[in-house]
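Trainee: Guided by the hints, dock chain B onto chain A, whose structure is given.
Protein chains in written order, with the numbering used here: chain A, 1 to 233; chain B, 1001 to 1230.
Straight line, CA to CA, 20 Å or less: simulated SDA-like cross-link-like pairs of lysine to any residue:
hint, chain 1, residue 1, chain 2, residue 2
1, A, Lys188, B, Val1077
2, B, Lys1191, B, Ala1009
3, B, Lys1166, A, Leu162
4, B, Lys1191, A, Tyr74
5, B, Lys1191, A, Trp88
6, B, Lys1166, A, Phe59
7, B, Lys1191, A, Phe79
8, B, Lys1220, B, Ile1152
Which stretches of chain A does chain B cover? Using the computed rule of at least three CB atoms under 8 Å from a CB of chain B, they are:
hint, stretch
9, 70 to 77
10, 155 to 168
11, 180 to 188
12, 203 to 214
Far from chain B, some chain A residues (derived; all Cβ distances over 12 Å):
hint, residue
13, Ile30
14, Leu32
15, Pro37
16, Ala43
17, Trp47
18, Glu127
Rather than coming from a laboratory, the hints here were simulated on the basis of the structure. Each residue gets a CB set at the ideal place from its N, CA and C atoms; glycine is no exception.
Below, each chain spelled out in residue letters.
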Amino acid sequence: MDWDVVLQMIPKLAEGAVLTLKLLVLSGVIGLCLAVPMAVAKASRVWWISLFPRVYVFFFRGTPLLVQLFLVYYGLGQFETVRSSILWPVLFNAYWCAVLTFSLHTAAYITEILRGAIQAVPPGEIEAARAIGMRPSQVFRRIVLPRAFRMALPAYGNEVILMLKASALASTITLLDITGMAHTLYAKTYLPMESFVTAGVFYLIITYALTHLIWFLERRLHPDRKEPVTIIG
Amino acid sequence: MIDLHGFGALLFAGTFMTLQLTFCALALGLILGIFGATAKLSDASVLRWLGNSYSTLVRGMPEFLMVLIFYFGATDVLMSVASCFGYDEYIEVSAFVAGTTALGFIFGAYASELFRGAIIAIHPGQAEAARALGMSRRQTFFRITLPQVWRIALPGLGNLFMILMKDTALVSVVGLEELMRVTSFAVGRSKEPFTFYLTAAVIYLVLTSVASLGMQRLEKRANLGVRELA
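Only chain A is shown next, with the shape it has when bound in the complex (with noise of 0.2 Å):
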């Protein structure tokens, strides 16, 4: 290891890093937001209901996120009507493809945890909230969310680690996040373990914060709880 070459080569990684973390953000945040209608969706018993969310979730689980990133960034521009609509200005760019398939990704695996968040909710405490008189929504606003959410914590949290780490793809359509620096200084120092292993030590520390980040959230969420629960990094 050339240590002079690893000091120069931070500044031009931690620019990579805050790719990184805007892309991660982006698509955890829009992610969440597209789950939550799709995990209610999917625990319901109206088969046709939960039809959509079951293909979604077949499909996003089912198909590598290189495949989809490259369907939607190469893929899309097949067909005409794409091309002359007012979204293609947005198609049309790197940055926004990775979000939108990251976000459509991460919503599929967010859809799942949700769901089984959503379905181990105890009856007694729907009862319960149905008994004092309040009625299916304010049940579902008041009770089986909130549970849903305090539940399905530890889970997200792998989920958003799993997605830092998958948002290395984003290298692949040219956009520079520490994976795509990481590329362009190997390819102008030829020194591949310098700059590969100094990109992934910034991918551990990400983790390691995210992961204390995830920790210190339970420990607020669980007032009641000492000790958060161990998650899988």
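Mentor: Structure of chain B alone, referenced to chain A:
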């Protein structure tokens, strides 16, 4: 029906390569996982430290970065090791070898945690009983512990296998002619990216669905004779 412009055979060859890569990485990953788990449960603190740092480091890094490290870095490391032994020729690591090792390493890191959990889950009395019957430590491990580890770890391994299958697409970036790479080639020729990437997506869906069905059968078989809590 979708018109593949005569690239069907190429896609088939790519799918075959994807499967080869998956199973080679699986074999390596299972071996590394068992070694990792035994290291983590070892009495020697050095081995425990090694096992734990292996899974922590590998699990904290993007899979894609691991593939790049193994592909571009392996040449460097191997050449410097070889030059210590007086061998100065250029060594090139093929994309297949680099991909297999990288994916196997990742699989092993996660699997070692699964195996560790499974080994702990087996009642120590069973190993004691086997030892009391006069089995050696090795016999106890292979006849008593390992078959049960398999049963307990199987659902988790199924998940990992599915992830591994999808991660093989990453190796296309370093030039292995697997499904994703041949699809990109077909896209370049036909100028129909959506058609071909969608076809690739469907092939991956079929592969993962078959794998998931296979896992269900394996689990059923591994759980023969285990009482289910109704």
